[in-house]
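Let the hints inform the model, and build the full structure from the sequences given.
Protein chains: 2
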Amino acid sequence: MVTKVNLADTLSLFDDHWNPRIVGDLNDSYVKLTKLKGEFVWHSHEQEDEMFLVVQGQLVIRVRDQEDVILNEGEFVIIPRGVEHQPFAPEEVHVLLLEPKTTLNTGNVVNERTRAELERL
Amino acid sequence: MVTKVNLADTLSLFDDHWNPRIVGDLNDSYVKLTKLKGEFVWHSHEQEDEMFLVVQGQLVIRVRDQEDVILNEGEFVIIPRGVEHQPFAPEEVHVLLLEPKTTLNTGNVVNERTRAELERL
Chain A
41 MVTKVNLADT LSLFDDHWNP RIVGDLNDSY VKLTKLKGEF VWHSHEQEDE
91 MFLVVQGQLV IRVRDQEDVI LNEGEFVIIP RGVEHQPFAP EEVHVLLLEP
141 KTTLNTGNVV NERTRAELER L
Chain B
41 MVTKVNLADT LSLFDDHWNP RIVGDLNDSY VKLTKLKGEF VWHSHEQEDE
91 MFLVVQGQLV IRVRDQEDVI LNEGEFVIIP RGVEHQPFAP EEVHVLLLEP
141 KTTLNTGNVV NERTRAELER L
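Keeping their order, the protein sequence lines are chains A and B.
If you count by the numbering used here, then the first sequence holds residues 41 to 161, one letter each, in order.
If you count by the numbering used here, then the second sequence holds residues 41 to 161, one letter each, in order.
Treat each hint with caution, since some may be false.
To be verified - Restraint-style ranges between C-beta atoms, simulated for each label pair:
id, chain 1, residue 1, chain 2, residue 2, range
1, A, Pro-130, B, Arg-153, 42 to 52 Å
2, A, Leu-161, B, Lys-44, 23 to 33 Å
3, B, Arg-104, A, Asp-65, 39 to 49 Å
4, B, Gly-122, A, Asn-46, 17 to 27 Å
By construction, these hints were calculated from the structure, which means they are not laboratory data.
All residues carry an ideal CB built from backbone N, CA and C; glycine is no exception.
Below, the structure written as structure tokens:
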């Protein structure tokens with residue numbers, strides 16, 4: 041049985057920040073939905089490219105040695121493997137993430153923000 | 041240099057149907073944008089899961105032995121490998137596709153709709 045996912049409906053199922061939910065299996069990757077607010081840690085992913093698509097709100101992605109990437113609704117960026125970045129959400133933002141199943145949210149950094157086990161919706 | 045992609049702006053760069061453009065490299069996959077109108081061929085992808093996210097309009101995906109999947113803006117579906125499907129767009133629809141770089145648009149069928157070489161935007 042093939043079933044669709046409505047982004048807004050699925051995002052309405054949770055309220056917490058920095059805790060991505062798995063909403064789809066796509067080859068070796070997960071599709072995830074998350075709500076972000078505030079500043080995350082600087083980190084990188086050694087082996088994995090990561091895609092951020094803004095569903096609602098605004099997401100700033102700080103990258104070393106270049107201007108901030110400012111994503112509004114309907115905009116995405118791919119952070120290539122090895123590129124250090126820091127997501128920052130001035131206000132709550134709703135984001136679709138696409139990244140390999142092996143990707144840890146905090147990448148090369150492990151701290152209290154690390155989520156090793158993700159819930160599936 | 042990490043640069044963002046605005047979906048609507050990029051979709052405004054072309055008008056033809058059933059001719060996906062590559063707009064991002066994500067691990068072993070491409071992110072593609074396409075405009076669809078009318079009925080495509082029934083086909084499947086032996087090794088690849090395929091994601092369809094509707095950016096604007098409505099996309100119907102017919103799948104054998106189940107109800108049609110009707111996707112509106114902000115909805116996606118993942119067609120697992122091996123599942124025969126037929127995209128159908130009653131009116132023009134704008135779609136973001138995510139699939140392995142090896143994926144041929146017509147899957148196991150090769151005909152005049154097949155696009156072996158895709159343009160990059």
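**Request:** Provide an ascending list of the numbers of those earlier hints which the structure does not satisfy.
**Result:** Result: hint 3 breaks, nothing else.
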